[in-house]
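Undergrad: This is what each chain is made of:
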Amino acid sequence: RDFNERCAQCSEVNWGLTDGGRYYCRSCHNVTERTREIVNTDFMTNSRVQRISKGSRKQEKTDRVCEWYVCEGFQLVLKKQAEALEALGVCPQMKDEVLYNFWRCYLQKSKQAYCNRPAGETVKAVSVCESSTDGDSEPERSSLLHLLSLSESEGDLQTDCSFASSMSKVSESTSVYSGSVDGSLYLMKNQKEKLRMTMPMTLSFCYMSLLWLREPITLSELLRFVVEGHIPYLNVFQHFPEKMKLCGLDLKIFCVESWPVYEEVYNKMLELAAFLDLPRFPDITDSCFLHPDMLCIKYLMEANLPDELHNWTCRVVKKIGIGEVDFLTLVPGNKSTRKVKYDILAAAVIVVVLKLLFLLDDHYEWLLSDLAEERNKNNKEDGLYFEFKKWYGVVKHSLDVEQKKLDEERAKYLWRCEKPLFYSVKNKSKVLKRRQMVVNLQNQFGKLSGSLRRAEKPNPSSFQLSWSEENTDGSCFHGHSLKGILQEKCGLLTAMNPDYWLCTVKLCNEKLCGHLAHYREVDFPQSYHFVLRLFSFLLRIQPSYIHDEVCMIEHKLFNKKLYRKLKYNTVLRK
Amino acid sequence: SSHEHKVNFKKSKEACLSYIQDAMLRKQWKRAAEFLTFYVESLEKDYSREPIGPSEMIWRIGTEILCHHSHSSMKEFNCFMEQMKTLGVKRYLKVCLEHVFHLLCNGQIDEAYQNLSLAESWRFGEQTAIQDREMKLIQAYRGLLDYCSWAKQKNILLEHGPDGFADLSVEQEMHSYFRKAAVNLKEIIKIPGVWDLFVKCYVDLLEFYGDHNEACQVLNEYAYNSKFPANPNAHVYLYQFLKRQGESKKSLISALKILHDIVPSHELMIDFNTMLQKSKKRKKRRLGLEVIFAALDYAGWKENIRAWSCLARQVKQIVISEKHLDWIKQEWNSRKDWWPAFHFSRYLAKRNWQENKSLSYEKALVAGILLGKDCKYFKYVSHQGCKARVKRFRMLKKFVNRHSPVYPRISG
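Chains as they are written, first to last, in the working numbering: chain A, 1 to 574; chain B, 1001 to 1412.
A hint or two may mislead.
Claimed, not checked - Simulated crosslink set (DSBU-like; lysine-lysine; CA at most 35 Å straight-line): (1) B:1250 with A:404; (2) B:1094 with B:1250; (3) A:405 with B:1010; (4) B:1045 with A:447; (5) B:1278 with B:1250; (6) A:419 with B:1190; (7) B:1278 with A:339.
Claimed, not checked - Label-pair distances were calculated between CB atoms; the ranges are: (8) B:1122 with A:418: 42 to 50 Å; (9) A:401 with B:1070: 40 to 48 Å; (10) B:1018 with A:88: 53 to 61 Å; (11) B:1129 with A:418: 21 to 29 Å; (12) A:318 with B:1052: 56 to 64 Å; (13) A:414 with B:1183: 48 to 56 Å; (14) B:1124 with A:196: 56 to 64 Å; (15) B:1052 with A:333: 33 to 41 Å; (16) A:414 with B:1006: 42 to 50 Å; (17) A:473 with B:1101: 51 to 59 Å; (18) B:1128 with A:239: 31 to 39 Å; (19) A:486 with B:1006: 36 to 44 Å; (20) A:401 with B:1148: 51 to 59 Å; (21) B:1128 with A:418: 34 to 42 Å.
Since the hints were derived computationally from the structure, they do not count as laboratory data.
Here a beta-carbon is modelled for each residue, glycine too, at the ideal position from N, C-alpha and C.
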């Protein structure tokens, strides 16, 4: 409004304000660094905000415990995660501005803070009057009991059922059930409309911020860093300050016993973006890391495939328009467009290209490979032709080794930490005793393990598989040529392979059955399965998700032909 | 490989467990220990719905690893067991018992005794009643160790001899051990089960103090009470006891009868046959023949010279008397198809002759009667024997030739 500078990109003076409080040019969507001081009178009238920022004063007299709200806990979690991301090289804006503003906006919209009537206050009133009449307390109690007895898919944290009986006394304040003030409320009411915060959702926040800043970290990478321990997630509550006592229902909120799932984090991110009424995200252009052309380079390298394949991935991307800025950029709330999972998309493009060039029907690719091998035997000076068979052997070996390591790692995850978790003071001593015993046993058998205690977590790296051209054993295929499988037609390089088989003739309705197609290993050629397995490992997701994207790409690619004929199927299956 | 999508606590612990089991099967104890360190945190989670919880898993796996791992010591083992005892009250006595077994196997009798005494004094509400069986076992084993102490004292006393200084305190100790042992051993053998060791010790005690009636009763109960599982040893113990007591042949024979039914190949069958052969009653002699034939059906008896000599003696006696040839016929009927190859092949003839002439003698006698003088075995052995000018073989040849008309009546 009062910002009159010309936009650096398009020289217009047409400014809008992002929810992060920064000015952005409405013409070219250039986001500036200039922020506007947000003056919101609501702040002043909200005493609760003050409480959040200062912490409660009155608790000093007792045992250094303060009243804290669940959202404060999450705020701490987000802070830690952002710091970790910064340590990984993400720009500091992520933490100080983008994430923080998203979070504040969320708090506001969900009426947990920064607004006139925070939800917590009403709850308090409810619980006070509930306790006065025995009749009313029953349904309240039973629903809480029900909550606790329901074991979520992550597994329940109850260490003994006596907790249920310890809840028989409905006290004046809800703190009997949780260390936080509003823990019980948090879990109880159906908060669908308000998008209740969960631990996986913290990662949705992170990813959303990363996406906004177009940082070169994909969602699968982010989740991998979480699992590898570079980003706090499991047991992050250890870092809560001493005075924030965590017990009872807080455990259900903050303790995780499963690793976040890609789909879940992604979908929550979309929900969140819509909930916060965010505008169109900054454009994903072809110079962005997340653009399929760029990601394909990375994945081709990691998959040890020839660089020449990049031409082909770009061609496919261009042909079906998935490199377009409007396709790639996230517009929250727009239900009509299919949302883009950049990493899966890029991987799927590569798979399609491999199918285009090698067919991958368990016959043709080996045939081509034999031809290449012949040629390579007789002609060593002019650079090697790419041999599928050799590549398969090398990559499969490495993949098997890494997969085996990963499987063992998964069996070795330690979920609990030093900070004890207990529901109530009653079972605190039991929990502590157990913990002590666990530590003793770990020490005792650790000594018998022979090897040193597990090495510290590996350094975070973007590449899980690396291949060096300097290796003289010929295990790197980046520089190999595709000449053997290409031919020239009308001045254009095309594949020698004339055929293609579709993964599926008809796409399913994603909304109804959750997938575009249903992948079963036995239904498809082994080479295809191998390629899916490779990317499935790299992205740490199920092969079926990549398969879905492949189907989607194929249907775009062969759209016309599909439209014309009812059955386009030159399937060469066994 | 498992590409588990949703990796959660439960699944990763399941995977961990399968790695432990795999390592144990391959006897890779270091690796098993390594994975166990990652498994133990399962203790912090509630598994009350599972049939076997992590505490039991850890107890059993940990025990195995500590038993086999080269670097583990009894001290570590004991420390581990103490922790396991605190883990599950429902299993407390079982853990105690297994701990005691390990101590005993490692020769730590005193520690074992201490543990047993401690366990005996354990009380825990209704669990005490539920774990009654384990408690009885604990008391029984303590009784057993008391018996061992008693035996030690007894030997000391006997060494000094009747005229030597009978150390009064030793004697008193001995008696007190006897009392302690007797009380507990008596209790356990009341419960249907297989208590060979306890029974033997208890009977030993009773015999020493002259309470033969009680001993006899105990052994009879143990052998004949149908509630107890069928146990050949029970009959053996009873037989041995009766023999020691100088009981009549009649009772000895009846003691061995069931043993013959259960374990026809038992080594006592020779004694049994010997007694039966001598009996005046026809039925008993008939049974004797049955017994010795049945014993020789078993491969372990093929070269048992005593058995063959029993059979040879009885067959010879029947043939000479020319009475009850039908007994032989009956016994031979079911065996004539396979005994020739089993016992009387030419190969065996050669081998038996080479290795044990007496064995071949007895066998040749039986073969000559059952298969006739033209059978391979008899021909070979008697020929060899006569060639070597051994007198008894010449007698044997004469005998068989004289009684050769018997053969068709037997083989009929």
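Undergrad: Does each hint hold? Answer for all of them.
TA: Going down the list of hints, with the structure as the test:
Restraint check for residue 1250 of chain B and residue 404 of chain A: not satisfied, since their Cα atoms lie roughly 72 Å apart, outside the 35 Å limit. Of the pairs offered as hints, the one joining residue 1094 of chain B and residue 1250 of chain B is violated, with about 45 Å between alpha carbons and a cut-off of 35 Å exceeded. With a C-alpha separation of about 19 Å, the suggested pair residue 405 of chain A and residue 1010 of chain B falls inside the 35 Å cut-off, and the hint holds. A hinted pair counts as satisfied when its Cα atoms are at most 35 Å apart, and residue 1045 of chain B with residue 447 of chain A qualifies at roughly 24 Å.
As the CA atoms of residue 1278 of chain B and residue 1250 of chain B are separated by approximately 12 Å, the hinted pair is consistent with the 35 Å bound. A C-alpha spacing of about 53 Å is found between residue 419 of chain A and residue 1190 of chain B, which places the hinted pair above 35 Å, so the restraint is violated. Pair hint residue 1278 of chain B plus residue 339 of chain A does not hold up; C-alpha atoms about 101 Å apart against a cutoff of 35 Å. At roughly 33 Å, the beta-carbon separation of residue 1122 of chain B and residue 418 of chain A lies outside the given 42 to 50 Å, and the hint is violated.
Range check, residue 401 of chain A to residue 1070 of chain B: about 29 Å between beta-carbon atoms, so the 40 to 48 Å window is missed. Hint check: residue 1018 of chain B to residue 88 of chain A, Cβ distance near 34 Å, so the stated range 53 to 61 Å is violated. Checked against the given bound of 21 to 29 Å, the beta carbons of residue 1129 of chain B and residue 418 of chain A, roughly 40 Å apart, lie outside it. Our hint of 56 to 64 Å for residue 318 of chain A and residue 1052 of chain B holds, since their Cβ atoms are close to 59 Å apart.
Taking 48 to 56 Å as the suggested C-beta distance range, the pair residue 414 of chain A and residue 1183 of chain B conforms, at roughly 51 Å. Range check, residue 1124 of chain B to residue 196 of chain A: about 44 Å between beta-carbon atoms, so the 56 to 64 Å window is missed. Between residue 1052 of chain B and residue 333 of chain A the CB atoms are about 51 Å apart, so this pair departs from the stated range of 33 to 41 Å. A hinted range of 42 to 50 Å is violated for the C-beta pair residue 414 of chain A and residue 1006 of chain B, which are about 18 Å apart.
In this structure the supplied range 51 to 59 Å holds for residue 473 of chain A paired with residue 1101 of chain B, their Cβ-Cβ distance being about 56 Å. Hint check: residue 1128 of chain B to residue 239 of chain A, Cβ distance near 46 Å, so the stated range 31 to 39 Å is violated. Between residue 486 of chain A and residue 1006 of chain B, the C-beta spacing of about 42 Å keeps the proposed range 36 to 44 Å intact. Remark: the range hint 51 to 59 Å for residue 401 of chain A to residue 1148 of chain B is upheld by a beta-carbon distance near 57 Å.
A beta carbon spacing of about 37 Å between residue 1128 of chain B and residue 418 of chain A agrees with the range 34 to 42 Å that was offered as a hint.
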